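The whole structure should be built from the sequences, with the hints applied where relevant.
The numbers in the sequence shown follow the working numbering, run straight up by one, and end at 133.
No lab work stands behind these hints, which were simulated from the structure alone.
Derived lysine-lysine pairs resembling DSSO-like cross-links, with alpha carbons at most 30 Å apart:
(1) Lys117 - Lys47
(2) Lys56 - Lys118
(3) Lys117 - Lys56
(4) Lys117 - Lys67
(5) Lys118 - Lys67
(6) Lys56 - Lys32
(7) Lys67 - Lys56
(8) Lys32 - Lys47
(9) Lys47 - Lys118
Quantities reported herein were computed from a predicted structural model and do not represent experimental measurements.
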Amino acid sequence: MSNQIAAELCVNYLEGKITETQDRIAEWAKHLESDPEYAFSWSEKCFRHAADIKVYAMINRVIWKFAREDESVFELVANYVDGKLSDVAGDIPSSTSVTSNLMENNVRAAWFRFKKDTIQYMERHVVRELE
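Structural data, given as structure tokens:
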């Protein structure tokens, strides 16, 4: 399998995940207009969605910038994610802003979710597309 094709399929997969997640935020935003109190009561999911979008977008930039024919795109992504996990593992948010801390914790969790789930799903998706 051409690593360039695999890289493009990974980027397409993640762009689809970004769009899907943006749609979830847009759905929440409809409630914000009609009933702000209710919407904010359930806004924690939006922090998660925003964190997922950040991670997906960062991975896409890494793939476009560093993907090469002599290295598996999946190894590249896994190595990058491992580095990010090392960075965030000891970095405890300590802002005076509760929402800033909530966002940072969601970004940290998004890196772990990506490592645990998304890399495997992305690889299966790419393999399926190439069959």
